[in-house]
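Chemist: Keeping their order, the protein sequence lines are chains U and X.
Be aware that the first sequence starts at 1, since it is given in full-length UniProt numbering, and climbs by one per residue.
Be aware that the second sequence starts at 1, since it is given in full-length UniProt numbering, and climbs by one per residue.
If you are wondering where the hints come from, they were derived from the structure by calculation, not from laboratory data.
A few of these clues could be false.
Copies of the same chain are indistinguishable here, so a pair counts whether it falls within one copy or spans any two.
[Unchecked claim] Straight line, CA to CA, 20 Å or less: simulated DMTMM-like cross-link-like pairs of lysine to aspartate or glutamate:
1) K145 with E108
2) K215 with E160
3) K32 with E107
4) K32 with E108
5) K32 with E305
6) K145 with E107
7) K145 with E339
8) K32 with E124
9) K145 with E312
10) K32 with E243
11) K215 with E288
12) K215 with E253
13) K32 with D181
Protein chains: 2
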Amino acid sequence: MNIECPIPVETDELVRLGHGSGGELSQQLLQKHIFPYFNNPWVAEGRDSSVLPLGDQQLVFTTDSYVVTPLFFPGGDIGKLAVYGTVNDLAMSGARPLYLSCSLILEEGLPMETLDRVMASMGEAAAEVGVALVTGDTKVVERGKGDGLYINTSGIGMLEQPLQIGPGQIQPGDRILLSGDIGRHGMTIMATREGLEFESPLQSDCAPLHGAVAKLLNAGIVVHCLRDLTRGGLATVLVELAESSGYQLLAREDDIPVCTPVQGACEILGLDPLYVANEGRFIAFVPEQDAARAQSILCGCPVSEGCQVIGEVRNVARPQAVLENALGYERLLDRLPGEQLPRIC
Amino acid sequence: MNIECPIPVETDELVRLGHGSGGELSQQLLQKHIFPYFNNPWVAEGRDSSVLPLGDQQLVFTTDSYVVTPLFFPGGDIGKLAVYGTVNDLAMSGARPLYLSCSLILEEGLPMETLDRVMASMGEAAAEVGVALVTGDTKVVERGKGDGLYINTSGIGMLEQPLQIGPGQIQPGDRILLSGDIGRHGMTIMATREGLEFESPLQSDCAPLHGAVAKLLNAGIVVHCLRDLTRGGLATVLVELAESSGYQLLAREDDIPVCTPVQGACEILGLDPLYVANEGRFIAFVPEQDAARAQSILCGCPVSEGCQVIGEVRNVARPQAVLENALGYERLLDRLPGEQLPRIC
């Protein structure tokens, strides 16, 4: 006799846009459907780049696929993003970026002129950063099976001194530095898609961060942790780092800069700038005694001239990210629950 | 007065499926629209992987995006292909594969069960090969902007001895070894798509080749050049290597093994197995005095047990790839002109 299985099975579970958000659903996808199949210490760390031994060197390896739409936007394009984004993942480990790969998935019918513009932009960005684009691949898919152009870049960097930079190094008392105002990239993409116009034009913040990081390290600042604020924005990064460090991270709302057009666009669209993606902003955790000097160094670099100390690390019972408002009230931050802005990078 | 421009400009030039074939159009795309924007010695070499200095080590770096359809086929799936294909590009430089990245572009609506099957297959393949999958990325695109699942893997390997393996090392008199029968992967994909069935079932040859290469090198065989026979097949690889080495490459038709089901499928579909893609076959150029020993070593490895000496390198006026038939007549080989089988890898 056949009895129908009474246990609900998840055979109809499907990938949703939110699984690519960088927020809560992304975490579930990784923890449940990807990490379990790859059993090694680097996967367990779940970081954007991995520090690997190669002979007696320490190299850093990272990868990102770029699916941003539209391909061109105020302040940048998919080509620049594909160089800067991967360079930034290397920089967040303290590595000097050396080599990039470039793998293209082109949709049949893409105008060659578009490809040329993107490649020219990648070439310029690579030259600006001082990385060599050394290997590549090109695939073409049929019309309707892509969206013009997707780019993957993987990057190799090198640790020039023995560094331990990561969530495990975060200490109670550390100050949290934010390199500039938040939300420009995500709101630029959104405004471009929606055809919104503002009095002061919005521009993506996309920029390479390795130079600013190198200045911190070369000045002897003891950098405990670095993280760029991409998908999921500042709030999601704070939540992740609170969990992985095991400490409470307190950020003061009033010290987090948001420019007027971003604030305006967020209000119109009902979005919270804390969760909006950036492509040229990062936070740094440094010991209290180094904080003022680190801020001054970062303020001297064009990509981080708006650097602010926004908060600190506390040793309390539960590892949480907390936002304190002007009146001193605290609220817990959560990861981005679903999808806010699909395909922003 | 405005005069219309009398010079035809190529503003309406579009990407075509053939630009992803690995043949003549792919070369044009690279030479005209990609390489000019990246000015460094590795791009000029135009190889599938690049040998790079990192401190006092020599690392090898490669990347490939996988867009094969269907995702599962007899003998393999996109996950296995994404591991083996990138490992093989490293192996063709003589490197020991160490680290892989994995970047996914998922289409909204992909069943999680499909993702799980592919990830499990990648995990198995990585364990089999002995590489660690150390970093990754996941993006999700809207329905109709992808095709289920695209995978990029980039790979890092290490040269364990100072090796010079490449087209520039090919010498007159070298023997050309082919590691087994050709055309299985391409014809398996084609037959699966077209729903063709044969008496003896077709299976992809997809397999990792680093073990066979390591055996050659460890035995002290002086390997001048290695190349895996992917998009464009054996013929396209011979044409490319004739051009880049500057010598004539002669292959004897009767010595090139093609199994019966591949021969049958090619006849039905009007295809030439010389141009059909493989994912587990390679050719090796070795000095005449090493050829018999190299063949015997390769015949001792399961992935290359059907190894044959198929031809030799000649120093004649024009660098061409030539096919000699059973009667001694020679014909010139060309690159694959357009697209034979889109999305075979």
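Chemist: My question is about K32 and D181: at a cut-off of 20 Å on alpha-carbon distance, are they close within one copy, between copies, both, or neither?
Modeler: neither (34 Å within a copy, 40 Å between copies)
Chemist: With identical chains, the pair K32 and E243 could be close in the same copy or across copies; at 20 Å between alpha carbons, which is it: within, between, both, or neither?
Modeler: within (18 Å within a copy, 49 Å between copies)
Chemist: Could you place K145 and E312 in one of the four classes (within, between, both, neither) given a Cα distance threshold of 20 Å?
Modeler: neither (46 Å within a copy, 42 Å between copies)
Chemist: Could you place K145 and E339 in one of the four classes (within, between, both, neither) given a Cα distance threshold of 20 Å?
Modeler: between (22 Å within a copy, 17 Å between copies)
Chemist: With identical chains, the pair K32 and E107 could be close in the same copy or across copies; at 20 Å between alpha carbons, which is it: within, between, both, or neither?
Modeler: between (31 Å within a copy, 18 Å between copies)
Chemist: Is it within, between, both or neither when you check K32 against E108 at 20 Å Cα-Cα?
Modeler: between (34 Å within a copy, 17 Å between copies)
Chemist: At most 20 Å between alpha carbons: which applies to K32 and E124, within, between, both or neither?
Modeler: between (39 Å within a copy, 17 Å between copies)
Chemist: Which holds for K215 with E160 at a C-alpha limit of 20 Å: within a copy, between copies, both or neither?
Modeler: So K215 and E160 pass the 20 Å test inside one copy only (13 Å; across, 35 Å).
Chemist: For the identical chains here, do K215 and E253 meet the 20 Å Cα criterion within one copy, between copies, both, or neither?
Modeler: neither (27 Å within a copy, 62 Å between copies)
Chemist: Using 20 Å as the alpha carbon limit, work out where K215 and E288 are close: within a copy, between copies, both or neither.
Modeler: within (18 Å within a copy, 56 Å between copies)
Chemist: Are the CA atoms of K32 and E305 at most 20 Å apart within a copy, between copies, both, or neither?
Modeler: neither (40 Å within a copy, 40 Å between copies)
Chemist: Please work out whether the CA atoms of K145 and E107 approach to 20 Å or closer within one copy, between two copies, in both situations, or in neither?
Modeler: both (7 Å within a copy, 10 Å between copies)
Hints 5, 9, 12 and 13 from the list above are not met by this structure, while the remaining hints are.
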